[in-house]
Amino acid sequence: MAKAEEFVKAVEDGLKLAKRVYFGKDRAVAAPRPPPPMDKSSSAASSYLLPSAPMVYAVIYDPSIVDNPDVPSYQPHVHGRCEPPALIPLQMNGIELEVDCLLDTAFVTVRGSWRVHCVMGSRSCDCRIAVPMGEQGSILGVEIDELRNTYRTQLVVREHLDGIAKSARTEDGGYLMPHLFTLTIPQVDGGINLSITIRWSQKLLYSEGEFSLNIPFTFPEYVTPAGKKIPKKEKIQLNLNAGSETNVLCKTSSHPLKETKRNAGKLGFSYESEVHSWSSTDFSFSYTVSSSHISGGVFLQSPSVLDIDQREMFCIYLFPGNQQSRKVFRKDIVFLVDISGSMRGKLLDATKNALFAALAKLDSEDTFSIIAFNGETYQFSLSLESASKEAVEKAIQWISMNFIAGGATNISLPLNMAMEMLSNVRDSVPIIFLVTDGTVEDERHICDAMKNYVTDGRSTWPRIYTFGIGVFCNHYFLQMLAMISRGQHIAAYDMDSLESRIQKFFTSALSPILSNITIDKWDELDDLEVCPSHMTDLSSENPLIVSGRYRGRFPESLKAKGILSDLSDCKIDLKIETVRDIPLDLVFAKEQILLLTVQAWFSENKQLEEKVAKISIQTAIISEYTCMVLLETTEGKIAEEAVEEKEVTDKNHSRKMITLGIGFGDLSATAENIPPGSEELKLPEAVEMFVKASNCCIGGHGFSPAHRDIPVILLYMDPVVGEAFALAKAVTLASRCGWSKVLFECDSLVLCNDVLSSEPSTLWAASGFVEHVRRCLVEERKDWRVAWVSRRCNMQAHLLAKWAARFGIVGCLLLTDITEHIWACDMHL
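Numbering follows the UniProt record's numbering, with no gaps: position 765 of the sequence shown is 765.
Worth flagging that the hints you see were computed from the coordinates, not collected in a lab. Note that the Cβ used here is the ideal one computed from N, Cα and C, for glycine as well. Don't take every hint at face value.
[To be verified] Straight-line alpha carbon distances no greater than 20 Å define the calculated DMTMM-like cross-link-like pairs of lysine to aspartate or glutamate that follow:
1) K266 with E210
2) K251 with E541
3) K235 with E272
4) K251 with E208
5) K327 with E541
[What the hints assert, rightly or not] Label pairs and their in silico Cβ distance ranges:
6) S557 with S383: 41 to 49 Å
7) S533 with N322: 49 to 57 Å
8) S195 with E604: 40 to 48 Å
Let's have the full structure, built from the sequences with the hints guiding it.
Next comes the structure, spelled out in structure tokens:
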């Protein structure tokens with residue numbers, strides 16, 4: 001959340017600066033209302049200035065350039081610079097929203113016009129676009145048109161940039177938050193109008209037979225143009241394809257939509273109006289597909305001439321229906337929950353609360369067990385327990401007592417234990433839930449073992465449902481486990497909504513109504529590729545959608561087959577329809593890229609990586625093997641002059657590369673028990689104070705990024721300052737890891753010496769950190785550098801070390817106390 005908080009602070013500064021802009025008597029820029037006094041949560045305090053609709057900001061380093069570009073106000077000169085820069089929201093002149101929905105996917109296009117109303121006409125500034133997106137939002141592209149230049153984003157193969165300086169910075173662009181994309185446009189003149197087109201995809205939510213769409217479309221008052229006579233037009237277009245032969249019943253709409261088209265399963269709506277102020281609510285729309293029983297269909301489409309894959313395309317969908325009385329399968333369940341040190345705090349609390357809710361929803365016929373794991377395993381029971389009220393209450397008590405975060409991460413042992421517990425179940429759906437935030441070294445070996453288990457001639461096997469938290473776990477490994485076993489994988493990056501996502505994940509997986517699903521007549525198709533290769537069970541909480549490619553003649557009729565909860569066979573006739581209005585390859589490209597990336601990671605296959613990159617570039621959907629660049633087209637002064645297209649560069653002439661992939665996990669972060677959400681760990685307050693006060697050169701030469709956090713703090717500065725840094729870092733890690741006893745003898749210099757010594761550590765009761773630092777530095781000592789700081793800082797550092805050493809530190813020393821003592825000492829220096 002550090003990036004989001006910095007963004008909010010920059011907007012706060014920008015709104016203060018914007019008061020310098022005089023608009024005449026019409027109005028001034030109104031400051032936003034702060035959150036209500038009753039809501040004191042940090043999330044509310046830091047989110048009220050985050051964009052709730054597509055926004056554009058002027059990036060202001062030099063406050064003296066802020067003025068009305070049309071009528072200068074000649075305000076007093078402002079000295080100094082804004083570091084980090086302030087962000088002034090630009091006024092918006094027009095907005096259009098177009099949404100195309102096919103089944104559970106929405107393709108969103110926003111076209112808007114913004115004016116750089118706050119910068120002198122003779123000056124220029126960067127402009128930052130911010131795009132909040134809905135459920136599982138993924139940016140597809142941005143195009144910008146201004147007076148002389150046009151810009152557009154494009155995906156390129158990452159390997160092609162290896163020989164070029166990669167200056168990918170947060171301010172250039174990327175995901176500020178899981179569903180908030182930003183992009184910076186360089187040097188736009190004051191008074192210029194920017195015409196911007198933004199495209200992204202997102203998912204529709206499904207609950208109790210109802211699809212719902214929500215798109216951030218709430219504009220703050222301060223983006224409304226100054227001047228009462230300026231026309232403001234707002235336009236919305238919605239096209240919906242819910243599947244052939246389905247009766248669609250519209251439920252709710254946030255805006256006054258007018259129906260323009262209605263066919264079988266297809267609807268069109270529009271809204272257009274002159275407004276006094278922009279939309280003050282998100283665009284939302286919900287509908288139901290009126291079918292009480294399981295139903296489904298097939299979409300077919302031929303590839304375009306530019307498609308790299310010339311096979312025909314298909315998409316099969318199954319709706320669970322809205323029959324509330326339908327019985328779900330009896331279930332045998334093992335919950336595997338990571339309780340390593342990085343799960344400490346609200347991560348583990350959210351997981352426990354979701355687990356309590358899941359246990360309460362089990363039927364008395366179900367059986368369950370729980371395994372908590374870190375470096376060790378902790379079992380609730382040696383065998384499956386019936387989900388009686390007494391057993392559930394006992395399990396809740398056991399969770400409360402045994403879910404204590406600490407230690408390393410080992411997934412293989414608890415997973416094997418769960419598979420063994422479920423090996424002899426009959427007439428049920430065996431399920432393993434795996435919740436983790438870490439990466440382990442033997443992931444491919446685990447997948448191999450699971451593949452061998454599934455292909456060992458068994459009629460049924462446990463479905464593994466995986467829930468990965470943050471970017472330090474390898475989501476492709478978790479997806480592979482799910483794919484092998486007909487399970488599902490969910491990724492969560494937003495820690496604030498973690499509990500609700502885990503609860504929904506549990507609820508969906510615990511509600512299977514059709515199992516062992518197959519499609520007949522597959523053998524009549526040539527060169528068939530299905531994503532996913534094993535169809536998951538149909539849940540009463542979600543539709544099931546699979547897609548793929550084929551050659552040959554598609555059957556004129558098709559059936560889906562499966563087993564119902566009473567173990568009877570079920571057959572569903574699938575209505576076949578050819579679609580042309582929405583490119584089908586875009587609908588399932590994200591899923592195809594994901595599953596191919598999983599296979600490429602598992603097999604370490606270079607050809608699969610190249611295939612993923614090609615699909616990514618063709619569909620503009622991000623992948624691990626591509627990155628985004630911003631291209632600039634500059635038109636010459638003479639009409640006949642050739643149009644030049646070039647990649648946008650910064651002042652150092654290096655590419656602005658925007659990396660959007662999540663990576664393949666982080667073993668280092670897992671080993672150090674760094675919690676999700678700490679991708680940009682800030683130094684403790686006491687340590688940060690020394691950094692700001694000193695003149696020391698803290699560089700990164702000679703150290704890998706994964707190890708840079710620790711050795712820089714210990715070795716890249718004056719030795720006395722290093723003592724204080726080492727002490728503060730040790731106490732912070734002790735608190736994070738939950739160590740019961742940490743001892744510091746004499747002076748904190750002992751800690752530095754202990755790290756550099758080759759002898760076994762006697763300083764700490766838990767010496768894992770010392771050993772880790774020692775291993776990191778074995779090959780890097782030759783690159784140490786020392787830079788001196790001012791005498792004043794040396795005195796402060798020495799006072800801190802001596803003051804801390806005077807206490808017989810047992811347990812954890814509060815860094816706030818250290819900081820307060822430094823301030824007290826500072827007053828007497």
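*Where does the structure disagree with the numbered hints, that is, which hint numbers, in rising order?*
Per hint list: single violation, 7.
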